[in-house]
Each structure stands twice: as structure tokens, then as C-alpha cells.
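Protein chains: 6
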Amino acid sequence: MKTAIFPGSFDPITKGHEDIALRASRLFDNLIIAIGQNIDKKYMFSPEQRLSWLIKTFEKHPNIQCMLYEGLTVDFCKQHHINYIVRGLRTLADFENEQSIAHLNKQLYPEIETLFLLTDNRFSHISSSGVREIILHKGNVKDFIPEPIII
Amino acid sequence: MKTAIFPGSFDPITKGHEDIALRASRLFDNLIIAIGQNIDKKYMFSPEQRLSWLIKTFEKHPNIQCMLYEGLTVDFCKQHHINYIVRGLRTLADFENEQSIAHLNKQLYPEIETLFLLTDNRFSHISSSGVREIILHKGNVKDFIPEPIII
Amino acid sequence: MKTAIFPGSFDPITKGHEDIALRASRLFDNLIIAIGQNIDKKYMFSPEQRLSWLIKTFEKHPNIQCMLYEGLTVDFCKQHHINYIVRGLRTLADFENEQSIAHLNKQLYPEIETLFLLTDNRFSHISSSGVREIILHKGNVKDFIPEPIII
Amino acid sequence: MKTAIFPGSFDPITKGHEDIALRASRLFDNLIIAIGQNIDKKYMFSPEQRLSWLIKTFEKHPNIQCMLYEGLTVDFCKQHHINYIVRGLRTLADFENEQSIAHLNKQLYPEIETLFLLTDNRFSHISSSGVREIILHKGNVKDFIPEPIII
Amino acid sequence: MKTAIFPGSFDPITKGHEDIALRASRLFDNLIIAIGQNIDKKYMFSPEQRLSWLIKTFEKHPNIQCMLYEGLTVDFCKQHHINYIVRGLRTLADFENEQSIAHLNKQLYPEIETLFLLTDNRFSHISSSGVREIILHKGNVKDFIPEPIII
Amino acid sequence: MKTAIFPGSFDPITKGHEDIALRASRLFDNLIIAIGQNIDKKYMFSPEQRLSWLIKTFEKHPNIQCMLYEGLTVDFCKQHHINYIVRGLRTLADFENEQSIAHLNKQLYPEIETLFLLTDNRFSHISSSGVREIILHKGNVKDFIPEPIII
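Residue numbers (numbering that gives the first Met the number 0), protein chains in the order written: chain L, 0 to 150; chain G, 0 to 150; chain E, 0 to 150; chain B, 0 to 150; chain C, 0 to 150; chain Z, 0 to 150.
Extracted from the complex, chain L is given alone in its bound form:
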């Protein structure tokens, strides 16, 4: 049985994240969408709020589980016998950053494999930071986030 993790901040989840998760869930037996917790980073939304949006978005998908975790992603993977990390690639800046992280993860835990899916064209301009910027300026973000969610 193949299990993968799709880790992220999801602050908040976007339609791009939703699309990556659904496509990844077809490739693996189980997909865990997991919100990493970093005490040093500032988030707009609380972990509980972000988790509840994930749960709502994927509630009809029995092979997708959503959860919070602490510590390094690779340590979480070791503990839960997860060998695959899934990440979406949106921009070249993403790619370069993800490349460093994937190589670091492999050096920390050689059994891990990172798979990349491309963000669909329709969503490639949508980032969580863009969504937050619009929210800050009282704009309407409903076209950028999964349908079940209302912000």
C-alpha cells in the first residue's frame, strides 16, 4: 500500500492546492495532507482554521486524510512509514526552492522520494500569499479558493 504526504502551510488552501491533492490522491492508496507547524513563522489563519478548511474541502474523498504535524517533514514520514512527498510546482522560483528542500530531505532520510505535479494552467497565478494580499485589501477571493470554503 502506497501512502504519500502533501505537506504545506495552506494559509489558506487555494484551488491550486485542491487540484494537486485530488490528482495525487488518484496515484496513491492514501494521501495525507498535512499542515506543518513552525513557531517562528507568522500565519494569517490559525492551524485549526486551516485544518478545518482542508477537512471540508476533501470530506468526500475517503483516501485523503488531513492533519497537523510538528517537527521536520522527514521525521513525520519516518514515524508514519511514508515514503513519498508530493509537491505542486507553480513557478520557477518554487522549483528552485523545492529542489533544495527535496535534496535536503533525501540526505536526511534516503528512503524518501519527492514527486512533483504541475499546477494546472487555470490556477498557476494563484498563491496563498496572493490570496492573503487580496483578503487584506478587502477583495473577494472566492474564485481562488475551494468551493466549500467561505472566507
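Hints listed in this document are in silico derivations from the structure and should not be mistaken for laboratory results.
A portion of the hints provided could be inaccurate.
It does not matter which identical chain is used: a pair holds within one copy or between any two.
Here are the simulated DSS-like pairs of lysine-lysine, each with C-alpha atoms no more than 25 Å apart in a straight line [said to hold, decoys possible]:
hint : residue 1 : residue 2
1    : LYS77     : LYS137
2    : LYS59     : LYS1
3    : LYS41     : LYS137
4    : LYS40     : LYS59
5    : LYS59     : LYS14
6    : LYS105    : LYS14
7    : LYS105    : LYS141
8    : LYS40     : LYS137
9    : LYS141    : LYS41
Given chain L, put chains G, E, B, C and Z in place with the hints provided.
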């Protein structure tokens, strides 16, 4: 009559910004140089200080107006019937970021068109953040900012 | 009266080119879409074929003219008193290349200004070379080229 | 049963390709490594030579098959009921190119999913074109190609 | 006698920094590894701690000196008659940023020359920020930092 | 005594190449500017023509020698006990390509060190291919090539 907006932080305005604005002002009947206000971001100079530098820089150009605005750039454009956003491109990192913003703006306000001008070679190494860094270290920035301004 | 040129190979014209041209034609009084001729480069389609597709695509747009030209783009601009070049930006690799060309053109003809429009999200994966590749392999390209054209 | 294709020119296969293929073969039930044939492109080695190197490299891996194909990759996938394309990402230039191809493929065949694996650090400087360049200059390429192969 | 400076934050020093410094020290008679101090930036480790790690890492290399400095790097260079700045290049994002800084430095002090060395493949995924992230999550960083150092 | 090689096609030499060579010649006791010969590649100018332009450009610089060579650059370096390769970086696309070549060279000849200098802002838009394009279209290239040369 064609009006464009050149939005930015201008913290502070650089010779690169000045050059982009002058070139854009030849293409449009009116150019509005507008300082967006973002309560969450930290600036080195106050909005009033930044605005006064813009006004001083372009005081001899009757078709350029300088102002402050709040909220989303596209909302400002809708209210003022502006259909063109002008942006300068300096680096590839700029480009990728501007691309996301332009596509977001188009989705929020389909009438908007974003035009890009390339920063002149002579100024392509000059960013506001570089200028701020030099100021912080007590260096001399007069070669990097418009002539009428003294920092 | 403001005239711009949108130069290219258009081998063949794509939906991305069509979109850039239509958006540029709203900004200028006249837009000239011009196919440069380079004896050293190999094309899939003849200049006449490519021109006829341009003409067909834009026949309902009175302020768009299509033509062939020889020599440097800036020499053509000088002769026809054109001060604006319009280019579409699709990828970062495009951007870097266009940047060099725009700076070269400015050094050769300082009156010239190059404006960039971003390729719409829906078309950002479509390049002439991709279309040619599909044609070579007997694939169907009708979704990637302007509607009036049949290849 | 999940089958993926790893398409390429493999002119010649490198240690980077070998590594990507082995890692992909653990994720899928079957992996088809397939050499596309493009009559317009010039190759250093014949399709038969390239195929024989692939076969030799992977002969101990029962779930890896090697073959030649003609036409579009997505047409091959449709005929053989393959829903996954695997590609290795080595550089940002690769990424941008692969992004266009993956989006084109999805538009041509919406059932297809493209997965990307990162080339291992140890091999990220090794490209087929680099290997060909060394061969042309009579250099020794044995450190850059799979062990069973002698060029 | 040729002296170069290798400036940085070294928060903390990585194996990549160590490798760049050792290679640069073979090219110059003297190499100064210098920690710039920026009151506005937040560091994980104190300047004294970072300096002590530099000293420990290079204690067996008589032509390498380690120190702290304040103000602009080019002002430090002027005062100490240093004409060469050495920097390591790890990623394209690095490159673009370094390019702006090098051009700014040249405009501020035309005698300065900036030399770039490429981070070795084995270390190209290791950045100080990645190391800090692992430390924050209680991971083990010993493979990413110079051997004499224990964090 | 430190000797470096600045290898390239120089088809033709540009003001950017000239600037890189002069700056590199100040860092090394001897600088060899060497034109690699690749039977598979098509050049606009003959090796003899390109060499004569190099010689003319640098005739007043006694520590610069110009020559032709065949085979791999690292083999030439081994034979002539050269431990440094100098390259100019103009664009990010350059950087990524140079990175692969430098790492390949290091694997083929671990004693080699590749140093990079940034092309000066004034010349960063000038490439040999741009110059050739202008020549093909009968444009004037005198502003882009070293003063002693007339094409």
C-alpha cells in the same frame, strides 16, 4: 483619452522608477503614479515622504499625477476608470512575481491590461531595497535616486 | 497617431499571438503585424502562407495591418516612423531573450520603445515550436491556432 | 495496475536517466522507457543503438520495458492505456520547457498526468548533450553513463 | 599581494561556505572572511558565535582571517585596500541577487571586482536558511556544517 | 605563477568579451584567450579570422595570449598546466549552462577551478549571436565590438 496607473511602494523612488514613469507618460494621455498602502508591510519612509518625493520628481510633467491609495489596485482602477497598469521589469524574479499579480488582477477585473516596460540597462541593478540597504549602512545613494531628491 | 509593430516569425500564428495582437490593437491607433525574413533560419511554412494566415485572422480588425519585411526590425521602424514594438511574454526564457533584443534595439535606435504584454494563462503553454512538433507527429492543432485557420 | 511511460531521446542514456527510471519503477507496476522518433531531429546514435543501451541498462528489472515509438507521446499513451508520464527535472530551463509540454499534453489528452522527479545531485550536471560534446572531443564519458554501457 | 574578502552572514556557516572559502584561499594571498552586521536583520546566532565558528573552521589555514565588520562592504574594502570580493553561487535566485549587488558595489567603488565560484554539487542544496529550519525543528545538521562545529 | 584560460567561440568577439578578458588579466599572471574548435558547430567567421580579431584587440596587453585549440577544454588545461578557467556571466540562461559545464569539467579534471565574472551592465545585452543577427541584416555593429575591429 487613455489613462494608466503606475503603482508601487516607491520606498524610495529610484532612477529606474523615474525612467519607467517618464517613458510610460509618453504613451498615455495621463499617468497616475500611485503609492499603495499596506498596513501589514513595514516601510522605511512614510507615505507622505514618499509622495512628496514623487511630486518633486515629476513636477515638470503636467500629464503625471502622484497620489496615495488604499485597497486593491484593481479596485482603485475600477473607481477611476483606469484600464492600464504599467510596471517596470528589472529581473526575472520580478517577472515571475508580476506575472502572477497581472493574472490575478485580470481575473478580478477583466477590463484591466498590464503593460511592461524594461528597466534601462543603466538602472537595472538599482532596486528600492538596495537603496535602503545602502542608506542603513550610511552610504551615499545620490547616484541611484532622481536628481531633485536628497536623502 | 500612435503606431506599433508586433514583429515575429508566426510559424505558424498561435492563439497566444492572436490574443496579444488584439489586446495591443486596442492600445494603439494602428498595429502592424510583421513577419521578419531571415534567410538563414529554416521555417516550416513559407512567408506567403504565414502572411495569409495573419491576414485571415485579423481581417475584421481595420486598424491591424499584416505584412512581410526584410532587414532589422529597427530599420523597418525608422523607415515607417514607428516608435513602438509590442512583444508577448510567455516564459522566463522568453523574457531574458527579449530583454537583450530590446536593449540592442534601443542602442541601435534610441527612439524605439518596446512594450510587453503577458500571454494569457489559457495560452501560456502554446508556442509555435510546440504547434510545429504536433503537426510533425500528425496531431491535431486546431485548439492552438486561431479559429479561421485550418492546418 | 498502474503503468507509466518515461519518454525521451536517450542520445545517449546517462546516469541521470538511469536513476530517474529506477526510482520511477518503484512507484509504478510497470514502467515503459520509450524512445520517441522525430524524423526532423538529428541524433548522434541510431534508435537501435540507443534502444540496445536502454535494454542492457535495465535488463535486471522485470517491470521495466524499453521500446521505440513514433508519433505524439500522448497518442502512444492513448493506444496503450497509459495514464502517467514520468520526466526528470535537472535545471530550471528543463522545468520551463517541460511545463509547456505537460500542459500541451493535458490539453490533447486530459486523462494524462505528468509526474516529475528531480535528478539526483550527483548527476544534475550530466546531460546527453554534455556527454555528446565530450564524445565529440574524444573525452572519456564512462563516469556519466550507466555501468553496463561502453561508448 | 592580492587580498580578497568573502563577506556573508554565515548564520551559520555551512559546508558550502567552507568549500568556497578554501577554494578562494588558493587563488589569493590572503582571504578575509567577514561577517557583516546589519542592525535591521534578525539572526539566529550572535555575531560572536558565528565568528567563533568561522575561526574554528579555518584555524589551520594561515592565509584566512575571520572578522566582523560594520557598514557597507565596499567601505570596508576601501579602508583595507581590498579589491576583490568573492561570492559563492548556489542557485539562479542567488545569481540574480548577487548580480544587482555586484553592480551596485562597482558603481559605489569602481576599483572593486567581484568573483564568483560555484558551490560544489555535493553542497548545492545546503543553505544557511535550510540549516536553520532543520535546527528549529530539532533535526540533526551535522552533515551540513563544517566538521569542527557542533550545533 | 597563476595562469588562466578564457575559452570561447568569439564568433565574433564582443565588447563584453573584451571587458571580461581585461578584468581577468589583472587577476592572473597570464591569461590565455582560446578559441575552441568544434567540427560539428557552424560558425559565421573562420577560426583564423576570429583569432586575428582577438590578437588585434589585446595586442597591447603583454600578459594576454590568444590561440586556437582542439579537443576538450580540460584536456588543453591539463597539457598546459592551467588550473583556472574564466567565464563571463551575462544572463541566467548562461549561468545554468555554465554551471553544468563547470561541474562536468571538475569531474573530468578535479584540479580545475572555474571563476566567473559578471558582464558589465553596459554590455549585458550584447551577445555574439545578437551581433551576428545584426550583421546578417546589414546593420552596423561597431558599438558592440572592440574598437580596433572593423566588420
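Are the CA atoms of LYS59 and LYS1 at most 25 Å apart within a copy, between copies, both, or neither? both (20 Å within a copy, 23 Å between copies)
Up to 25 Å CA-CA - LYS141 versus LYS105, copy category: Close across copies (15 Å), not inside one copy (37 Å); limit 25 Å.
What label fits LYS40 with LYS59 when the C-alpha limit is 25 Å: within, between, both, or neither? Classified as neither; 31 Å inside a copy, 39 Å across copies.
At most 25 Å between C-alpha atoms: does LYS141 with LYS41 qualify within a copy, between copies, both, or neither? Intra 23 Å, inter 28 Å, cutoff 25 Å: intra-copy only.
Since the copies are identical, ignore which copy is meant and state whether LYS77 and LYS137 lie within 25 Å (CA to CA) inside a copy, between copies, both or neither. Only across copies: LYS77 and LYS137 sit 15 Å apart there, 42 Å inside one copy, limit 25 Å.
Within, between, both or neither: how does the pair LYS105, LYS14 come out at a Cα-Cα threshold of 25 Å? between (29 Å within a copy, 17 Å between copies)
Checking an output row: LYS41 and LYS137, CA cutoff 25 Å. Within, between, both or neither? both (20 Å within a copy, 19 Å between copies)
For LYS59 vs LYS14, is the C-alpha pair at or below 25 Å within one copy, between two copies, both, or neither? within (16 Å within a copy, 37 Å between copies)
Copy assignment of LYS40 with LYS137, given that the CA separation must stay at most 25 Å: Classified as both; 23 Å inside a copy, 16 Å across copies.
Hint violations for this structure: number 4 only, all remaining hints satisfied.
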